[in-house]
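Asker: Residue numbers (our numbering), protein chains in the order written: chain V, 1337 to 1645; chain P, 238 to 511.
Don't read these hints as lab results, they were simulated from the structure. Backbone N, C-alpha and C fix where the C-beta goes; we use that ideal spot for every residue, glycine too. Honestly, I wouldn't trust all of these hints.
Derived BS3-like pairs (lysine-lysine); straight-line CA-CA distance at most 30 Å [claimed, not checked]:
#, chain 1, residue 1, chain 2, residue 2
1, V, Lys1473, P, Lys499
2, P, Lys354, V, Lys1507
3, P, Lys442, V, Lys1444
4, P, Lys505, V, Lys1469
5, P, Lys319, V, Lys1346
6, V, Lys1339, P, Lys502
7, P, Lys505, V, Lys1388
8, V, Lys1346, V, Lys1552
9, V, Lys1346, P, Lys442
10, V, Lys1469, V, Lys1444
11, V, Lys1469, P, Lys354
12, V, Lys1346, P, Lys499
13, V, Lys1388, P, Lys442
14, V, Lys1469, P, Lys442
15, V, Lys1469, V, Lys1445
16, V, Lys1626, V, Lys1637
17, P, Lys354, V, Lys1444
Heads up, incomplete: computed chain P residues facing chain V, CB under 8 Å, no partners named [said to hold, decoys possible]:
#, residue
18, Arg245
19, Pro318
20, Lys319
21, Thr368
22, Ala476
23, Met478
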Amino acid sequence: MLKLVNVSKKFGNRWAVRDISFDVQPGMVFGIIGPNGAGKTTTIRMMLGLLKPTSGRILMNDIDVADETQAGNARAHIGFLSENPGLYENLSAYKNLFYFAQLYGIEKKEIDERITAIMELLGIGERMHHRVKTFSKGMKQKIAIARAIIHEPEYLLLDEPTASLDPSSAKTVREFILNLRNSKRGIVLATHNLHEAQELCDNILVLNTVNLGMGKPGELVSKLFSQCTAVSVGHVSRDAIEKIKAGFGDKFISYTQDKLMFAVQNPEHENPKIIQFLVENNIEVRYVEKENRTLEDVYIKLVRQNEAK
Amino acid sequence: MKQNKKSRRYAVIFHKDIDEFRSNLLITIPLFILPVVMAVVLPVVTIYPISNMDMSNYSIDTERLENTSIHSPIPIESLSPKGLLVVLVLNAFVPFFMIIPAVIPSVIAAHSFVGEKNHRTLEALLATPITESELLIGKALSAFIPSILASYLAFAMFCICTDILTYPVFGAYVLPDLFWLSLVGILTPLIATLSIVSNILISTKVSDVRAAQQLGSLVIVPVIVVFVLSGVRIVYIDAFMLYIFAIIIALLDFLIGFIAVKTFKREKILLGRW
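Isolated chain P, as found in the complex:
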């Protein structure tokens, strides 16, 4: 019976937050805009011009390609110059699918946790019989589930757009493949969790939504580092790198999550003291 009430309370917090988000444009706009821009607009403006380029006079330096670890959905040796260019562009999109799960939970979690302080609803909420763990899980779910859905939806749109745009180049529908499924399937929840646990930690100290968002957005820094390193070809995000990155993020999730849970106490939340 007690367990029933507990499970219900997570759901109560989750449903209330979703109700609130639906009526808050500051949350719903980034939730839609970011995935649409990254998953539809950018592929269209980059891949479409390439697929219409005349590249019959170009050739590939196969020796140089052997020393790289570019991920290609079709065997790299069978690529045409145009196909290779498209593959390089697709590789450049990889970090975008790490940015989406980093940014969206940060926006939602900032409103969800710090928003309670800002709107002075926190004290009444903490005065109910809800336990700290119920509150924490309910709030974390209300940031996690919409972010994951938005990320997966963005990926689905990206696959459809890319397949339509690249069919003339590859002669086949190439996405999703195992690499992309692993990338989105594993990294998205891990990065979203990192963003949420960081925001939980921040929320106990900060009482302004914008400040929380700014601090929470620091989660994006490791993603930007990977983005820059892959941009200058120091790092290629192949399957091996992807799993290394996933392990690092999982360790950070555990570490920051542990600190956040220890810090998430009524008195600390209310007074903003660690």
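Chain V on its own, in the form it takes in the complex:
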């Protein structure tokens, strides 16, 4: 298990990360989402033992990652992939992988077999001996994925792995992450892409230096938002909006793009009352539908609440 216990990191007088704790189990994708400068990369770097926490502990199978005498052992079980593939452009894909495989201590006789298998799996086997600088960005990221798993790590730390990829390459990477989860690896995914996080992650931490919220995506949504009814309408005057506000109070959420949003506890009971009120106030009702809240709504709400503090 990969475990963070009350981890903080301070650069000079500025806290980059403050008092965060979470566990990552094998077979789980744990997402870290947050705005730029929220501490996502710092957290990943601390988990890799590249930065030492100012306080708190990071344990990988009970090995303290921050302890330099044990960090090498911990790193041998962790794979890493960042937004930048960070490959040696003048060397071939094969040489890049061969180099890292040797650094991870894999026996030479095994390396060939592993490289061939992974490259075939990623569909770039025939270009294995071409120089990396001749590859597209998507292909480079595939090689970086191969590098991250060449030593068959138990845990994978992914820092914005699809940030600079075209949609097709990003999809390939996402599919690969799902395959890795199925192979019982623990994965930590730091990302800006909230749809990606919602699609891939079992648990999510919303981070902005501090822990703003953590849990399964569905739980976070239901914890922060009640059910919501969206009513598509014709033109609504300012006076009418004021009347709606007066009539529904906090239950009226917003009016945007010809859509009125209402928070409801019991839709069967409350929706007819909403419609009746709108019709009585001469507002043209076109559709009524249930509005599904997403991780994006959770993220925006938590980050704005934090900024308001």
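Once you've looked at the hints, dock chain P against the given chain V.
Answerer: Relative to chain V, chain P alone:
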């Protein structure tokens, strides 16, 4: 077993860097150009004209020579005026063989250390189980070994060129002699080490190869000082001066090397903070 893996990792870093250098013209060109210019071109354009000069009307002021400590491969009292002129030119070449081991490692080490930051390969490299000392030694070797080979090769070419060009003057093949062997044998590794440890120190702070090269080239300053002082005849680089210079460089190697090793930590390398 653990020791085996460690030794292998130095070699892995070394082999990868050599592979990379071979395909990088910014490294291979200085590696060949500098030794060829200093060891072949300069001797040819300076010694060849002297050996063809008619100096039969010249004589030597032996009194003045007694007060100098010019290094001569043959007894100074048996030198002809032409021979003396050649010996003075050979003495002027001494600092060149300090410049080669100062400049070449600086170029290689800048690419080797700071190049990892520039090409954004550093983070993935530091994320492997490699220890800081393994990385440091592997990288230092990949700068040290090619530089030493280039310096020794340059010296071999210099000896061959000089012997061919000066045979008509001295009537014998005079290089290498003990002084030159000591100069190249002792000072070359010491100066190369100074250049490399300085670059290691710089690499933790700088993330641009050109900036690293410019800062790293400051190592050449003591060599230039010696060059200028010998040029204006304030200092003659004889055997005694050579050993004094070697001791000073060795002390600097130890001091800067110690600071570099203490500074070469993952967090400092990654964040560029001392």
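Asker: Run every hint past the structure and note whether it holds.
Answerer: Do the hints match the structure? See the list:
1. V:Lys1473 - P:Lys499: violated, 37 Å
2. P:Lys354 - V:Lys1507: holds, 29 Å
3. P:Lys442 - V:Lys1444: Not OK: Lys442 of chain P and Lys1444 of chain V at ~35 Å, beyond 30 Å, violated.
4. P:Lys505 - V:Lys1469: Holds, at about 29 Å.
5. P:Lys319 - V:Lys1346: violated, 71 Å
6. V:Lys1339 - P:Lys502: Measuring from Cα to Cα gives roughly 24 Å; hence the hint holds.
7. P:Lys505 - V:Lys1388: holds, 11 Å
8. V:Lys1346 - V:Lys1552: holds, 28 Å
9. V:Lys1346 - P:Lys442: holds, 20 Å
10. V:Lys1469 - V:Lys1444: Holds, because 25 Å separates the two Cα atoms, which is no more than 30 Å.
11. V:Lys1469 - P:Lys354: holds, 17 Å
12. V:Lys1346 - P:Lys499: holds, 22 Å
13. V:Lys1388 - P:Lys442: Between Lys1388 of chain V and Lys442 of chain P the Cα gap is close to 18 Å, so the pair holds against 30 Å.
14. V:Lys1469 - P:Lys442: Judged against 30 Å, a Cα distance of about 27 Å means the pair holds.
15. V:Lys1469 - V:Lys1445: Holds - the C-alpha atoms of Lys1445 of chain V and Lys1469 of chain V are around 27 Å apart, at most 30 Å.
16. V:Lys1626 - V:Lys1637: holds, 20 Å
17. P:Lys354 - V:Lys1444: holds, 28 Å
18. Arg245: holds, 7 Å
19. Pro318: violated, 54 Å
20. Lys319: violated, 50 Å
21. Thr368: holds, 6 Å
22. Ala476: Violated: closest Cβ of chain V sits about 44 Å from Ala476 of chain P, beyond 8 Å.
23. Met478: Hint on Met478 of chain P: violated, closest Cβ of chain V at ~43 Å, above 8 Å.
When held up to the earlier numbered hints, the structure conflicts with 1, 3, 5, 19, 20, 22, 23 and fits the remainder.
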